[in-house]
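**Student:** The hints should help you fit chain B onto chain A, whose structure is shown.
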Amino acid sequence: MSDLTRFTAAEIAAALADGSVTSVEVTRRHLDRIAAVEGDVRAFLHVDRHGALATAADVDRRRAAGEPLPELAGVPVAVKDVLTTVDLPTTCGSKMLEGWISPYDATVVSKLKAAGMPILGKTNMDEFAMGSSTEHSAYGPTRNPWDTTRIPGGSGGGSAAAVAAFEAPLAVGTDTGGSIRQPGAVTGTVGVKPTYGGVSRYGLVAMASSLDQAGPVARTVLDAALLHEVMGGHDPRDSTSLDMPVPPVVEAARRGDVSGLRIGVISELGGEGFQPGVRRCFEEGLEMLARAGAEIVEVSCPSFVHGIAAYYLVMPSEVSSNLAKFDAMRYGLRVAPEGVDDPSAEQVMAASRDAGFGDEVKRRIILGTYALSSGYYDAYYGSAQKVRTLIARDFEAAFEQVDVLASPTSPTVAWSLGEKLDDPLSMYAQDVATIPANLAGVPGISVPVGLSEGLPVGFQFLAPAMADDRLYNAGAALERLVTERDGRPFAAQAPELEVTR
Amino acid sequence: MSSPEISRDDVAHLANLARIELSDSELDRLGAELPAILEHVKVVQQVAGDDVPAMSHPVPVTNVFRPDEVTPGLTPEQALAAAPASEEQRFLVPKILGEE
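Residue numbers (our numbering), protein chains in the order written: chain A, 1 to 501; chain B, 502 to 601.
Some hints here could point you the wrong way.
Stated by the list, open to error - Residues from chain B shown here face chain A by an in silico Cβ test under 7 Å; the list is partial: (1) 544; (2) 553; (3) 571; (4) 593.
What the hints assert, rightly or not - With beta-carbon atoms standing in for the labels, derived distance ranges: (5) A:251 <-> B:560: 18 to 28 Å; (6) B:514 <-> A:280: 45 to 55 Å; (7) B:550 <-> A:375: 16 to 26 Å; (8) B:510 <-> A:287: 49 to 59 Å; (9) B:582 <-> A:32: 31 to 41 Å.
Everything labelled a hint here was simulated from the structure, so no lab data went into it.
For each residue, glycine too, the CB sits at the ideal point set by N, CA and C.
Only chain A is shown next, with the shape it has when bound in the complex (with noise of 0.2 Å):
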């Protein structure tokens, strides 16, 4: 038998349909590489190797029943460490939830549940989602697959690492300036954004409500379309989930044909601050794509160019109002204060939060709490939410002449760790292709190029809001590009991990 965590979920699926495996065997053989790379990677912070199994054979059972099962049904998932799972602990790579097991799941983990999908484990993640590396985890961070002294981006490093490694064929990631894409570029993976309320957000612990999106990490265009659909359609209980119908994105990944699609380069993303290596993957990306008959025209998004001053006042202001239920009164870390006898609630309150949170997330509910005080909140929330009235401005525009939008979906390859981790502004520009998407609400892709110094370099395909599937079918038409070229599939290119038996 070849290597069943070298399948896509594509693959598996069909195998588990015509019965030439089992999911027990699926499952297992995934744990088995869990086991035998997570030292070096580091994607997982809690191993559900029981649980999995438990699906896994309840799946096979029904198969062999007869009964009529989802397609993804059997196919392992991944779970980032920020939804919440009753037979798992939530942390969100925070010590102020270490053991933390919510009495509910997130509506995402109840439809994986329901699609029969075993869930291999919870991955790690920058503390609350908060960083571009994973080295703000207070559990350690993950290392990038393809060279473990480097980043595997963030915040959700751990479900990217994981796919990228085939310690998973699949994982759920959560998108809120660039967390599902730009870990996705610099491993090598597909990650989706989906359009804002296109996937519930219940159970979903909240990093900036307006922002947060959670989509598909895979190793295929095809693949991450499986999940997302899945994990998409309404939910009565997230009032900013939409009530419309998945996109049909399943289609539109089978069918990835470019033939007349208009896509729009985003001139002020790509140049300057943007790695050579990165922007001659880009252009080569394009050049293919026009060969495949697309429209290659230049399209300019003036505003862009403050989505980040925008994005680190909007984010930070709903942190630290989001992040102010972590009171140590109801549930999390409850530490009392040093040297004071009979402290109150308040002093409870204060010394937990200190201890409980990173410095990326202090940071950030000080700047929030800062941008949202009095006689500063018209200078800079308002003026950042107007700005973000004139990126939205630029989507409508951009897509009045253009299907879909390119750019580069981050600036460099993977850093190596630790290199920026005392530079917060270097860190926060990694955003800079990611941010416009979550602040306008349309949808996001990255697909992977090509290589620049031996590391994966991401193209980014956006979309009008709800039309997801222009994402898939373009990202499915550059993917089967890059194979073409390579000779074989990009995943395939990563370096051998070593193996622990």
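**Tutor:** Quick look at chain B alone, frame taken from chain A:
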């Protein structure tokens, strides 16, 4: 509009508002970092005119209701399961009022 200076004392005040007991070294570091970040983001003040409306949310939705149907909620045991302390089916918290 220029960015107001933000001092170490301001950071201490903000930390108090945010209920985070920052150490001296954390106050020193944030006192240096925050002005640099604010310097970078204050550009938003020069970008949009008065005629541009603020956008708080990507999808304008209002008055979202779901059917008024009773569904099971958490049991007291479930709700209290993660509490740092509980007593008689209630959250047990430190004193709310000061000594005075």
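**Student:** Can residue 593 of chain B be said to touch chain A, with a Cβ gap under 7 Å?
**Tutor:** 9 Å, violated
**Student:** A range of 45 to 55 Å was offered for this pair. Does it hold for the Cβ distance of residue 514 of chain B and residue 280 of chain A?
**Tutor:** With Cβ atoms ~49 Å apart, the hint holds.
**Student:** Has the hinted range 16 to 26 Å been met by the Cβ atoms of residue 550 of chain B and residue 375 of chain A?
**Tutor:** 22 Å, holds
**Student:** Do residue 510 of chain B and residue 287 of chain A keep their Cβ atoms within the hinted range of 49 to 59 Å?
**Tutor:** 56 Å, holds
**Student:** For the hint on residue 544 of chain B, does the least C-beta distance to chain A fall short of 7 Å?
**Tutor:** 5 Å, holds
**Student:** Does residue 553 of chain B meet its interface restraint, that is, does its C-beta lie within less than 7 Å of any C-beta in chain A?
**Tutor:** 4 Å, holds
**Student:** 18 to 28 Å was suggested as the range; check whether the CB atoms of residue 251 of chain A and residue 560 of chain B agree with it.
**Tutor:** 24 Å, holds
**Student:** Is the distance from the Cβ of residue 582 of chain B to the Cβ of residue 32 of chain A consistent with 31 to 41 Å?
**Tutor:** Given a distance of about 33 Å, which is inside 31 to 41 Å, the answer is holds.
**Student:** Closer than 7 Å between Cβ atoms is the bar; does residue 571 of chain B clear it against chain A? Give me holds or violated.
**Tutor:** Because about 14 Å separates residue 571 of chain B from the closest Cβ in chain A, which is outside the 7 Å limit, the hint is violated.
Violated hints, listed in ascending order, are 3, 4; each of the other numbered hints is respected by the structure.
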